[in-house]
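J.: Based on these hints, arrange chain P on the given structure of chain U.
2 protein chains.
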Amino acid sequence: MDTLYGELNPPARILLGPGPSMAHPRVLRAMATPLLGHLDPAFLQIMDETMDMLRRVFQTENAMTFPMPGTGSAGMEACLANLIEPGDRVVVVVNGYFGERLCDMAARHGAEVARVDVAWGQAVDPAAAEAALAKGRTKLLAMVHAETSTGVCQPVEPIAAACRRHGALLVVDTVTSLATTPVAVDAWGADAVYSCSQKGLSCPPGLSPVTFSERAGAVVRARKAPVQCWYLDVSLLARYWTPERLYHHTAPITMFYALREGLRLVLEEGLEARWRRTETMSRALAAGLEAMGLTRYADAGCRLPSLTTANIPHGVSDADLRKALLTEFNIEIAGGLGPAKGKIWRIGLLGESATRANVLLLLSALESLLARQGARCAPGAGVAAAQQAFSAAA
Amino acid sequence: MDTLYGELNPPARILLGPGPSMAHPRVLRAMATPLLGHLDPAFLQIMDETMDMLRRVFQTENAMTFPMPGTGSAGMEACLANLIEPGDRVVVVVNGYFGERLCDMAARHGAEVARVDVAWGQAVDPAAAEAALAKGRTKLLAMVHAETSTGVCQPVEPIAAACRRHGALLVVDTVTSLATTPVAVDAWGADAVYSCSQKGLSCPPGLSPVTFSERAGAVVRARKAPVQCWYLDVSLLARYWTPERLYHHTAPITMFYALREGLRLVLEEGLEARWRRTETMSRALAAGLEAMGLTRYADAGCRLPSLTTANIPHGVSDADLRKALLTEFNIEIAGGLGPAKGKIWRIGLLGESATRANVLLLLSALESLLARQGARCAPGAGVAAAQQAFSAAA
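Sequence order for the protein chains is U and P.
If you number the first sequence the way the numbering used here does, the last residue is 469 and the count never jumps.
If you number the second sequence the way the numbering used here does, the last residue is 469 and the count never jumps.
None of these hints come from the bench; they were simulated from the model.
There may be inaccurate statements among the hints.
Derived DSBU-like pairs (lysine-lysine); straight-line CA-CA distance at most 30 Å [stated by the list, open to error]:
{"no.": "1", "chain 1": "U", "residue 1": "K299", "chain 2": "U", "residue 2": "K214"}
{"no.": "2", "chain 1": "U", "residue 1": "K418", "chain 2": "U", "residue 2": "K398"}
{"no.": "3", "chain 1": "U", "residue 1": "K299", "chain 2": "P", "residue 2": "K299"}
{"no.": "4", "chain 1": "P", "residue 1": "K214", "chain 2": "U", "residue 2": "K299"}
{"no.": "5", "chain 1": "P", "residue 1": "K214", "chain 2": "P", "residue 2": "K299"}
{"no.": "6", "chain 1": "U", "residue 1": "K299", "chain 2": "U", "residue 2": "K210"}
{"no.": "7", "chain 1": "P", "residue 1": "K210", "chain 2": "U", "residue 2": "K214"}
{"no.": "8", "chain 1": "U", "residue 1": "K398", "chain 2": "U", "residue 2": "K416"}
{"no.": "9", "chain 1": "P", "residue 1": "K299", "chain 2": "P", "residue 2": "K210"}
In silico negatives: residues of chain U with every beta carbon more than 12 Å from chain P [what the hints assert, rightly or not]:
{"no.": "10", "residue": "D115"}
{"no.": "11", "residue": "D192"}
{"no.": "12", "residue": "Q197"}
{"no.": "13", "residue": "R239"}
{"no.": "14", "residue": "H241"}
{"no.": "15", "residue": "P280"}
{"no.": "16", "residue": "A293"}
{"no.": "17", "residue": "E319"}
{"no.": "18", "residue": "E354"}
{"no.": "19", "residue": "T370"}
{"no.": "20", "residue": "T430"}
{"no.": "21", "residue": "S443"}
{"no.": "22", "residue": "Q448"}
{"no.": "23", "residue": "C452"}
{"no.": "24", "residue": "Q462"}
Here a beta-carbon is modelled for each residue, glycine too, at the ideal position from N, C-alpha and C.
With the rest of the complex left out, here is chain U (with noise of 0.2 Å):
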């Protein structure tokens, strides 16, 4: 017999950067259930109930709101590859990573792309988004909500109207934002709409909520040509979906446990209790930090709740700091992506994560090893702000 690998036991970690955030109990439990069959009545109750729950976290009354069987990736390309078809004009609102990752994808499927760029940190003007809507027939525009790689939420609801007023789609992603800060699809009146099972859902990654409006259902099924994916032709999905049932993929089983379970904890809590704790929690991480001397990554007036950016103070390292809150104190924070690498910290406060002990946790962590780096800061000064700012908003 080979050698064999150990039993899984992995060190308990405190997870505060951009996601996988950390799951309820709840959460962890429903996955150790034995499996149905992807087409039992008791599973296809499952999805019903599953259906109805992300229709209200989404607060959209859209029938095409389902889970795709991938990762928020999976999603967001299922939005694309659905929409676009080869020659389509397409305007792509980009201020980080995800809004770069959105251009590839729209490329790929052969979107001519128009893009709006603005600095990584910094919300797009609205009347930049329009003037690009205006100067040739777009099929659709593609923004990130809330942008993972800065910390930045980009408001919709002025790129909407333009939108309407230029006879445009709507894709925005939502990957950081469900469940964390008002997302309203139908308010918005958004035509595509993805997020993930983790982050704000605090459930494993490995599903991708969708939700499709009437007009965009309208345009898939006047498509010329079938979507080159097959795994993400949400037409196919879609039959899977509704009473219908017809077989496309086996779905993944435990997932749906996890996001069933995810969805009932969100709706316990209400959604907005849920977004009022992830306020309250990154108004005292952001006072805990800058009372500790770090400036901010993303500018005032469009910071997100779920994730806050922070400059790295000069002379500190990143790698080392880092490496020494995970290994340390079991803490996961992110750096930067792209850009931002090394410029940076990520930290998530998202869904099971957002706790105040978490935030408390961090901040006496990152103290200490900011002056093992040499970084000045005056002791305790930190935890101090953010309990001061749990105070107020208690």
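T.: Just chain P, lined up with the frame of chain U:
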């Protein structure tokens, strides 16, 4: 507060369909483990261990051996999408539903598809495959080793030899064969092989192990245009699975916990022992079905041990019997797909589902339900024949 759904409380099914199979309690418990980040060194180690164990199970030394972040169909499409460029000639061996799916996907990715058809329930004559290869310069031949819709095992070796003679890459579907019957990627000389986390590996559905030969890797690197589907682009994925650890998607952490534990169980039992167990269970099931007067669907000489197909006796209602089997006896088997719908039953003996008790439970339940529908069958004959087969094997 809106009405919420109750706790997850599914019935305890005995899963004897073509998948998902039942998961070992150790796999279920592994999934209740708190999450790690997808770039945590502890998680990267889990990835490396998983790759190593997957290579052993596929019997390959291919460096590019990792699970795609989707179900088996995602692996199928990844193999085709990455190797096919528009205009490539692709030969597909079609003797069932999944052969048809290969044709559909290959055509979507721009291939000129040449089909080698044979009736469902039969294996293809390798000479017919070779004749198709001889008709034009062929980029690749795709075939299904274990056709889940018919229960046919298509021998790979002679077709692999024909591919070598004609300079075509060989893509093999081992979704229903891996870890149930010999799959020997390197000995076959196959270039791209995919499977799934469920069925033989007995983990929940949601991951699709794939393996690419050096030759296939070179073909992917030499592509003129990137793969249209970003999510399935193995040249990007490979950079996450190698020391570069380039971020692509957020890995489905919990599914990896499951797969690692499932692979440990396979290697603890031993591949040969697992194949023998599947064979023993399958023979006993077949003996039982035949003693009850049921005839087989797949041709003798090309029958899979992991999936048994039986013709539904005249006068018996497929829907009524399977519904009673599920709701009264908690046993799932599957009906036929496509032209076999309503005509056959498909009984899986996959991974943890393939036990002596499950074979006997199914045969006894089937006997009572067939009797209820008026089918003639000597009482106890099925169970007795299966017991005899078990004794003979012991």
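J.: Which constraints among the numbered hints does this structure fail? Numbers only, ascending.
T.: Those not satisfied are hints 7, 10, 15.
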